[in-house]
Amino acid sequence: MKIEFLLGSSIVVVLICLLEWPRFQRAHKKEKATFLVLLGLGMALAAALIYKPDLPGPSQLVDYMFRPFARMLKL
Amino acid sequence: MNKYKKRKKCVIYFFICVNCLFLSGCWDRTEINDLALVTGIGIDQKGKDVMLTVQLIVPKLLGAGTSMNGSNTGGGGATIVRSGTGKTLADAIANLQEKLPRRLFWGHVKAIVFGEKAAEAGIRPHMDFLSRNPQMRLRSNVLVASGTAKSVLELLPPIEQSSAEVMRELSKSEILMNATLKDVLQMLSDDTRAAALPMVKILPVEKGKTKLETIPFINGTAIFKKDKMIGSIGDKLTRGVLWLRNEIKQANITVSVKGVKGKITATIIHAHTQLIPKYEKGSWKMVVNITSQDDILLNATNFSLYNEQHIHRLEKELARATTARVEAALQKVQKEMNADILGFADAFHRKYPKEWNRVKKRWDEIFPTIEVTVKTKITIQRPGMNTTPQGIPAEEVEK
Amino acid sequence: MIEKGKISALQMGIMMHPAIIATAILLVPAITAHHANQDMWISPIWASLTGFVTVYIAILLHNYYPQQTVIEYSEQIVGKFFGKIVGFIFLLFYLHTNGIIIREYGEFIVGNFFVRTPLIFVMGSMIFVCALAVRGGVEVIARLSEMIVPVVIIVIVFFIILLIPDMNITNMLPVMEKGIFPSIKGAIIPQSWFSEFFLIAFFLPYVADQENRKKWAIMSVVAVLFTLFLVNITVLFVLGNITARFVYPVMSAVRYVSIADFLEHLEAFVMAIWVAGAFLKISVFYYVFVLGTAQWLRLSDYRLLVFPSGFLLLVFAVWTAPNLMELSLFLGTTVPFYLDSVQTIIPSFLLLIAKWRNKMRDEQK
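Chains as they are written, first to last, in the working numbering: chain A, 1 to 75; chain B, 76 to 474; chain C, 475 to 839.
Just so you know, the hints here were simulated from the structure itself, not pulled from any lab data. All values derive from a computational prediction rather than experimental measurement. Among the clues, some could well be false.
Claimed, not checked - Quick list of in silico lysine to any residue cross-link-like pairs, SDA-like style, CA-CA up to 25 Å:
id, chain 1, residue 1, chain 2, residue 2
1, B, K276, B, E235
2, C, K558, A, P22
3, B, K426, C, N832
To be verified - Listed next, the stretches of chain A that the computed footprint assigns to chain C, with coverage defined by at least 3 CB atoms under 8 Å from CB atoms of chain C:
id, stretch
4, 16-30
5, 36-49
6, 60-69
Every residue, glycine too, gets a C-beta built ideally from N, C-alpha and C.
In isolation and in its complexed conformation, chain A is listed as follows (with noise of 0.2 Å):
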């Protein structure tokens, strides 16, 4: 099962990647790093999240901080 979500996962980056090709390509340095950097962190998290699907994320961190505030109007 996970290997198939992994796979699937990468079928979608390559395709993103295929489809974008030819703006890639005429692209200046800064876009094409970006492009590539937030592709990575998609499909570094989309692992982790296959292989762990309880990572602690944002809404935990959000949880967290602004727990108090519920609590103080029981919410």
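With chain A's structure known, arrange chains B and C on it following the hints.
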């Protein structure tokens, strides 16, 4: 450059093809001929288990029923019933699904019938399932069968397509109680937790027809408290309750005027009931103001209705009869059953929120002690098509 | 400027309507009803205050830096280093919030219609469509909203009219039984949705008719207020004391429509307008994230970033919450403070500093 354009084209074609997969409706694609359309649900108690009965439409017969085929028994035979048992309703469904080649579809449920035993055992767990299921509709009518729910659902009504449809139409006519799934949920989660549901009986079979060729009909009200049925009242008392709940839509009142032979029947055109709560020094009082405009339906007396005084006497008589009806209902529901299905708690809550919140928990003790005054005012609007009584010589008419 | 398109102030106002409403009528009415009970129709009125304040802040900030979006002028206000941090917070915020929005949309579709369809496909296909809109730029999104929003509003009004026979006005009595507080408490969640009006800070520089922008921004808040008010009062009149028991009260109410035995089973329409509304909402947030990223890194074009960001959004949508209950709980407890602090409190600090800077500059002269 051309090379990239070609590649781009390929990718676009690929996406178009992928989209075709999505257009078929993904994983939840279901063909209509794989579905079993449920029109009615019956829930019975069978020992400790729940028995679920579903009424299914038989697609082939539904078409044949309306054709010119003389050998067909009208619309009858268009439905079949199947039952399953289990510890809970959901369990019973799983059990039922084993016996069906098609997937059960709940989007067309018209009526939900509780058997008397199931109603007495408590309906809350079933209600939770019924409202949680995304296919189910809050519009479905909820009824209680005297006897088992299965016996009601397996009937093959001569005119309508299914007995569920019969019950839905009868509920909607609002001659007696009418409750949808939403209404029941609201009544059960109210502070009083008392609910009133229509009660169905099976009409005796006419001679020469098979045992199943009849319809269920609404004949009374089942009274629930804390989701358990505690008793039922007949159709007369139900009308009294409907007056109090301001839900009366159709009713005839038949009275005889003092000193005059024969009876007069009036029909309600407009009726309105107002509950006026009063709280004074720890005593709870309720004034019920009933106003109604009636038409004369039948006059079997020799009493001319073109006389103002006669009309006044008649109006008083009608009011007295209505008051008596309402008071009889109060006696039973308020004093004996102690179930606030009349909306008294809501009326107090609205007018005296503070006082009411204080006694909310002990409402059961207070409700039977509320002093109720019923004030009825009936006005007769039209005499129908006749001026003086028909069928007697003019001299005999009492002017 | 990266974005070369221009929109009108009216288009901006129309665009903001679904950007708030689309999810505000999914899970939020149940949470409002839970706190405010029969006063849930008052809550949107309190809630809209945040909307007005946020719009006011965004417009004042825009007056100081008329050619720039918040990502750009925060660098000018608090300096390059802190400006980059503020910008990063905004970007992360819009990425995460959009993840929540996409998840809400997906949960709604899967929970009500496609019970067996994997969530990821529902969300993924939506993101793909949105990505195409975002690549088109701000003009495309604005024109799409001009097309879709009137239909959405007409359908909502149509439903409200169809539900009139089933309304029970006594459900709202007694008004303010426990004083004013339950309705204010019920407003805490919707008011954070109103703080999303800060999105206009990203669109104001591209508005062609600058003189109308204040008018239409305020009108948009009023329209959202009015819609929420109507929807809440309809749900309350139809469902009464059990409103809070349903995950999607509006959906449950619409499914209750039955006119003359044939005008029923209307949930397909609900789904249609919600998909359309959610599409616009996700597109707006998506666009803001992509444009913001490009501006934050001072790129010359944002279009290359659209698809990678979409993939990232999908991952975030999955990451947000493990199930619907936790998502709902998250929305009902800490999310309002989260939305408010990023979209109302940070901008108001920015505004204060900008004011102070301008004063200093004037004095120096």
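Okay, the hints, checked on the actual structure:
1. For the hint linking K276/B to E235/B, the alpha-carbon distance of about 17 Å falls within 25 Å, and the restraint holds.
2. For the hint pairing K558/C with P22/A, the CA-to-CA distance comes to about 31 Å; that exceeds 25 Å, so the pair is violated.
3. Taking the CA atoms of K426/B and N832/C, the gap is near 57 Å; set against the 25 Å cutoff, the hint is violated.
4. Given a C-beta distance limit of less than 8 Å, the hint that chain C covers the stretch 16-30 of chain A holds, as 8 residues qualify and 3 suffice.
5. Counting residues of the stretch 36-49 of chain A whose CB lies closer than 8 Å to any CB of chain C gives 8, so the stated coverage by that chain holds, three being the minimum.
6. Proximity of the stretch 60-69 of chain A to chain C, defined as three or more residues with a beta carbon under 8 Å from a beta carbon of that chain, is established by the 6 residues found.
Checked against the numbered hints given earlier, the structure breaks hints 2, 3 and satisfies all the rest.
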